[in-house]
Each structure stands twice: as structure tokens, then as C-alpha cells.
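A.B. asks: Sequence:
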Amino acid sequence: MRSVARHRFGLTSLLLLATACAHATPVGALAEGCRVAGAGVAALPATVGDAAAFPPPQLQVRTPVAPTAIPSGGRHYLIYELHLQNFSGEPMLVRGLEVVAADGPAITPIATFEADPLRSLVAPSASEAGAGMTGIPLAGNSGTIAFLCLAFDGEAKVPQRLKHRIALVDGTVEGPDVEVDMRPLRVLAPPVSGPDWTAAGGPSNTSHHRRGPIVMNGTARISRRYALDWKRMKGGASFIGDARDVRAYHAYGQDVLAVADGTVVSTMDGLPDNVPRTAAGFTPAVPLTADNIAGNHVVLDLGRGQFAYYAHLQRGSIAVRKGDRIRRGKVLGRIGN
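Residue numbers (the numbering used here): 1 to 337.
Any given hint could turn out to be false.
[To be verified] Cβ-Cβ distance ranges computed for the label pairs, FRET-style:
#1 91 / 292: 38 to 44 Å
#2 325 / 161: 35 to 41 Å
#3 292 / 170: 46 to 52 Å
#4 72 / 327: 21 to 27 Å
#5 143 / 292: 29 to 35 Å
#6 33 / 292: 28 to 34 Å
#7 263 / 141: 41 to 47 Å
#8 91 / 179: 29 to 35 Å
Just so you know, these hints were derived from the structure itself, not from any lab. C-beta: ideal position from N, C-alpha, C; glycine also.
Based on the sequences and whatever the hints tell you, model everything.
C.D. replies: Next comes the structure, spelled out in C-alpha cells:
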């Protein structure tokens, strides 16, 4: 887990078991939970308050990881978080969020969120606390995370700099500018071969990978923000027979391939397969630690600060070693659990 958190790109070859059938998002479909953004969006209603009042509302607005523009299905996506922290001892009610493009002569709204759409962005605890309210309540000295996923259609311009305005009951808080990472991303080869593969749990605003912050070394991170679960579906199902037998799964034991030329920077082997998770529950084969949470794995350095992380591989299948320089398409190991 510590190594995942450093990587700007995560590609996970997984066998996720005993879940409902997953299907690939058709080209052009909007990723689940994401909002189409762009010019022409109406601004939030003005907040009545004294803009010159001191002290101003004690709400911190922070983006710990700047978004990267990701092309997919004819759109560009920005997937990132706002950490909202109430530093006062009094409760606040966040009643609206406005995202604006801040890289032109005019600062123009590109997305706004109020009421239910606003509550859908935040961590479950804050969302549940806000049920029946017009906004997100923040108790004194408390905070929450707003998970944002903005989609820009076709040729719509992706801003290189964003600003966020938080509307409160009696004031407005404007966060600092957020730079968008516009570096081109590597075009990758498939990590698996053959037909019937589905990339499940991918970048969206609802996947379990997306909303999985974990605090490591005193910092909250979402190391699997861009992770994928590769499933092989046949006849609408990922397995046939006993759901608790790893060998019943169509993906089990299949080769995983290098998605680009790169250098192996980390490997782990020797961990046994877990018994697949079912409705009856799940117990890991070995106690989980920060070092083994991804199971048997291979990490490739693709250059330019981008990495590919293959997790949950089969014991004894790792075919490379740290320091190896490998070519795209090379077999790295096999899918396990």
C-alpha cells in the first residue's frame, strides 16, 4: 500500500469474486456518478452575507491531489477530491458548491451542485446526516470529503486551472486555485489477452476504488483512485460451479501482460490465494498488513511519473524480478486471488 500511494497511475489486474455481473461501460456513456461540465452553467444564487466580515467563515477548502485530464469514451474526465474542514466551534451548513474555470479573462462556472446532487458527493456519514436538509451539515471542528468527477464532452475545453466556491447559509468561501495536470497519458496495451474481458470498478464516482481513502503515515490517500478489476465474463457470469473455489472463475490463472515498456520496481510472491468472498463472509488467508494488502504483485515504472500496478496475482506465477527492463506484452504473472 505504501508504494501504491506514491504512484500517479494505478492499473490493477484483479480477480474480484462473488460479485454481481459487471459489464463494461459502452463507449460514449457517462461514467456513473459523474457530472457533465462546461461553459454556460448557471451560477449559484448569491449568498446574503457581509463579505468584509472578520473573521471570515472558518472553512478550509483543500485539494490534496490535483486532477489529471483523462480521455475516455469521447470525453475528458477530472477525478479529484475537496477536503472540507470546519475549523470553528460552531456548526456550518454547506448549501452549494460551484466549480469555475479560472484560467481565462472571465471566471465562469462550469458545474454547480446543490441539495441532493451536493449530498451525493460526500462521504456517507455526512450524506446521511444531511438527509432531509438542503445541503451538507458540518459540526464544529469536523470535516468531510467531496468526491468530484467532471466530464467534458467532445471538443469542450478542459480548464487548466479550477477554483471552488462553497456557499454557506451566511457567506461564501472561495478555495485556492487548483492546477489541472494536462500532461499526455501513455496509451496502454491490454493487460490481458483473449475475449470476454470486462474492466469493472473503473474510474467513476461510485466505484469502491474511488471512495476508498486510507490514512497512511498521517496522510489520507486514495491510492486506488484509478484502479480497475479485470473480470472474464462468460454467459453473463464470472464463474461456473462453486463460488468459493478460485478455479471456478474464468479469469483465474490467466496471464497478465505488460501494458507498456517499463522497469520492474517492486514484486511480491509467495502469498496463498484467499477463499473467494461470498455472502457468507470473507477471511483473508493471512493477516493483512501494509506490505501484503495487494497480495502477490508486480509494479512497473512506465516513466514520466506513471506506474502500472498488477495486484492479487497467483502464488508462484511472478515471472520478473526487480530491476528487469521489460517490453510491452511480456507475461508478468497470472491472475490469482
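A.B. asks: State for each hint whether it applies.
C.D. replies: Here is how each hint holds up against the structure:
no. : hint                  : in the structure
1   : 91 / 292: 38 to 44 Å  : 42 Å, holds
2   : 325 / 161: 35 to 41 Å : 37 Å, holds
3   : 292 / 170: 46 to 52 Å : 50 Å, holds
4   : 72 / 327: 21 to 27 Å  : 26 Å, holds
5   : 143 / 292: 29 to 35 Å : 31 Å, holds
6   : 33 / 292: 28 to 34 Å  : 31 Å, holds
7   : 263 / 141: 41 to 47 Å : 46 Å, holds
8   : 91 / 179: 29 to 35 Å  : 32 Å, holds
Violated hints are absent here; each numbered hint is respected by the structure.
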